[in-house]
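Protein sequence lines correspond, in order, to chains X and V. The numbering used here puts the first residue of the first sequence at 9, with every later residue one more than the last. The numbering used here puts the first residue of the second sequence at 64, with every later residue one more than the last.
Worth flagging that the hints you see were computed from the coordinates, not collected in a lab. Certain hints may be false.
[Unchecked claim] Pairs of lysine-lysine residues, derived as DSBU-like cross-links and limited to a Cα-Cα distance of at most 35 Å, are as follows:
(1) V:Lys124 - V:Lys76
(2) X:Lys110 - X:Lys97
(3) V:Lys76 - X:Lys110
(4) X:Lys66 - V:Lys205
(5) X:Lys66 - X:Lys110
(6) X:Lys97 - V:Lys205
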Amino acid sequence: MMLLLAAVPSWAADTVSIDVGSVYASNEGNSIDPALGTIRGKLQSMFNYTSYRMLDRKRRNLSVGEAGEFELPGRRSMRATPLPSRGDKVRLSIQISDGPRKLLATTLGLRRGGMVLVGGPTHQAGVLILIISAE
Amino acid sequence: MDCRAALLKIEAKADGLLPREAEAGLADHLAGCPACAEECAAISATGPALRALAGIRAMEKAPALDVMRTRVLAGIEESREAHRRRSWVARWAWVPAAVALAAAAFLFYPAGTDRSPFHPSTFDVAVEDVESETATVALVDKGDDLPRVIWIIEDAKT
Numbered sequence: 009m010m011l012l013l014a015a016v017p018s019w020a021a022d023t024v025s026i027d028v029g030s031v032y033a034s035n036e037g038n039s040i041d042p043a044l045g046t047i048r049g050k051l052q053s054m055f056n057y058t059s060y061r062m063l064d065r066k067r068r069n070l071s072v073g074e075a076g077e078f079e080l081p082g083r084r085s086m087r088a089t090p091l092p093s094r095g096d097k098v099r100l101s102i103q104i105s106d107g108p109r110k111l112l113a114t115t116l117g118l119r120r121g122g123m124v125l126v127g128g129p130t131h132q133a134g135v136l137i138l139i140i141s142a143e
Numbered sequence: 064m065d066c067r068a069a070l071l072k073i074e075a076k077a078d079g080l081l082p083r084e085a086e087a088g089l090a091d092h093l094a095g096c097p098a099c100a101e102e103c104a105a106i107s108a109t110g111p112a113l114r115a116l117a118g119i120r121a122m123e124k125a126p127a128l129d130v131m132r133t134r135v136l137a138g139i140e141e142s143r144e145a146h147r148r149r150s151w152v153a154r155w156a157w158v159p160a161a162v163a164l165a166a167a168a169f170l171f172y173p174a175g176t177d178r179s180p181f182h183p184s185t186f187d188v189a190v191e192d193v194e195s196e197t198a199t200v201a202l203v204d205k206g207d208d209l210p211r212v213i214w215i216i217e218d219a220k221t
């Protein structure tokens, strides 16, 4: 057990843990999903939707250069690839597709523990907002 | 009192079962009946003889009984000790099981289903490049205390 715990820091330093939460934002009702944690207030102050519900959440531990696929609601998908970076910075290549259509391709630089939102794709009567964080 | 009834009382007396109030009647009969008196004397002598014999046999068997008693007591103590050992094992058996469970959870916990709430430590994000083949993309920056937003405006949809 001690050997396992001792091995964690080197393992963690070589990988990036990418967390993707898929939030359905709409004006149907007035409920805020408690699973959104402290980000609930941020969403309410930034957008004009009355209801926020987390549909799915996935996490992948990826090495630099390793692509990870994240299934998103509505047959959409996201591919994330950690890129080489320095210090506590994390660089991510993000691609979001809707079937054959490529909705977004971007490269982000953020600190470990940082977060970015990607929103806009329509979903049911509202939109999808992706909460992407990396550690 | 006839001799038949007297004999029953004699046997009851020898067994210690004759009521005290019946002893006078029996004594009157024995005083007037030599045959019953002789029978009474014989039966009365049998009890002490049997008790003496039992005492002798008990003395003969005493060492064996002592050994048996010692064995029984030792067995009881051994049983208690075994119970105490089982109790100790049962009390602490969960520790290795818990350690194994914690190790398994640490190694095999499905990271993809983590449901702990979001607690971002920073919203400092640099968008190095952004493009879309089928949509219009807008960058939204509302300050350091709010997350950066990349908003996808799907053409012909939004």
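Violated hints - listed by number, lowest first: The structure conflicts with hint 3 only, although it agrees with all the remaining ones.
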